[in-house]
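**Q** Work out the full structure: start from the sequences and follow the hints.
Number of protein chains: 2
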Amino acid sequence: MGVALVLRSEVPSVVAGSHVTGFMPFQEYPLLPKEMAGMLMPLNNPRGLPWSTFVGVLGGTGQTAWMAWEEFAKAKKGQTAFVTTAGGAVGSIVVQIAKLAGMKVIASTGSDDKVAYVKELGADVVFNYKTIDTKAVLEKEGPIDVFWDNVGGTTLDLALDNANTGARFIECGMISGYNSPDLKPAAPKNIMKVIEKCISMHGFILPFLFAKEGLLGKFWSVMPGLVEEGKVKGREQVWRGLEKWGEAMHAVLTGANTGKAVVVVADE
Amino acid sequence: MGVALVLRSEVPSVVAGSHVTGFMPFQEYPLLPKEMAGMLMPLNNPRGLPWSTFVGVLGGTGQTAWMAWEEFAKAKKGQTAFVTTAGGAVGSIVVQIAKLAGMKVIASTGSDDKVAYVKELGADVVFNYKTIDTKAVLEKEGPIDVFWDNVGGTTLDLALDNANTGARFIECGMISGYNSPDLKPAAPKNIMKVIEKCISMHGFILPFLFAKEGLLGKFWSVMPGLVEEGKVKGREQVWRGLEKWGEAMHAVLTGANTGKAVVVVADE
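These protein sequence lines are chains E and P, in that order.
Going left to right, the first sequence walks through residues 1 to 268 as full-length UniProt numbering numbers them.
Going left to right, the second sequence walks through residues 1 to 268 as full-length UniProt numbering numbers them.
Take every hint as true, because none was put in to throw you off.
Same chains, same label: a pair holds when it works inside one copy or across any pair of copies.
Here are the simulated lysine to any residue pairs, SDA-like style, with alpha carbons at most 25 Å apart:
1) Lys74 with Phe208
2) Lys212 with Asp161
3) Lys193 with Phe210
4) Lys135 with Ala186
5) Lys189 with Phe208
6) Lys193 with Lys212
7) Lys74 with Phe210
8) Lys74 with Pro207
9) Lys193 with Leu215
10) Lys184 with Thr165
11) Lys218 with Ile195
12) Lys184 with Gly153
13) Lys184 with Asp157
14) Lys104 with Lys119
15) Lys77 with Pro207
16) Lys189 with Leu206
FYI, nobody ran anything at the bench for these hints, they're computed from the structure.
**A** This is how it looks when you write it as structure tokens:
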């Protein structure tokens, strides 16, 4: 995903002088065929936020976090949320939104550096799931009312075991399965808890949320303000220059990046 | 659960001359301690429906079916529902409610007698899951938008595989697990479909629905009329006389009953 300033356009829906976002090539002056115009979204930026924001906390990751939370979390002050991959681009935004809703936040992430970062974001309990037992944390700090699941498998089973009555599970991803031979996460043995604990489990992909009437509009009416006020922050790692593309991509694919990877091809 | 006429009361909330429902002993003149008064629900029957209705289609089974459907199904005309245990006390009501909502109904049940019964109730596709392959039926008649799950296990996996985008799964029971050594249904291998297909899965037990504001009131404002008009029917098997209790219980426990088992201890 990129953000670009439109220099010239032969299509009425794309206005010269405006900014747009969408899939576009890594080029300083990309030339897009007319057929792709429908996939470019115009951007309004009355608050003058950095344009990189629109590929991060106000882009797909921010939209995923905020819209799924808004649609499914039914957040209540004083309740407890458990956020997995809390150091990631999506999870870190979920942590901040959950805290803004007045919830206690338990957060898991995969490195001590990320633990420190997620604590800074305000999570109440943060742990490195590679060195600390998730089961023990949930039994001590739970039960949980909202589960932001990016992991699936045994973590999902533990969440089912440690859920409160009426808990909401937001199923954003199941990365525990992505490296298994059949690409499937471990089947949840405790699925019966869904009934016993009256759990609602919501799976989604981003286009499904875009189709929910009014939800994206609500995102644009709320999130830029939160970003401007510093209440929701994204962590970016910026590479400057077209030639840095390979370096940035390598960091993303090896997990070495420390925030949303942004390549600034050119300033305005 | 029983229905009784109050002959005498020393508690203001239970009025002599009125009818009540609740747990009560199999006796012609049960004498209940004051402490149990709070668990008796007064019944209004302005339509003069048979009192047995209030332990069946207007009792716990009807409440389970109607309230969970109302809360979770988000029924849309022309969409497809798959109802398991459709010949049972709850499932048979779900079938009728789904048809009233204008849906195509696929129904599974465990005997040819029940298949005939569920067809009478208006289901579009009815099959005996013991003799016909559920997978083949769903692949031919699906995809499904609402899944009424009373079974869990492999049937849940098949439903996940044959769900439409945005499907709603209503998790009422997982009887496939009740006879397994660890009392658990088979873990769903296809749980990842919850994300891919943007499925919402809702588990519940009846007290959880009672706690939803206004839902029980809505049940009472809608269902008695549907029952009176014959739009929702319950099948009852009636035993007359206190001494038939053992016979009725034996039928329920062996599955030999052909409808909601009702023992009429005494008429008014």
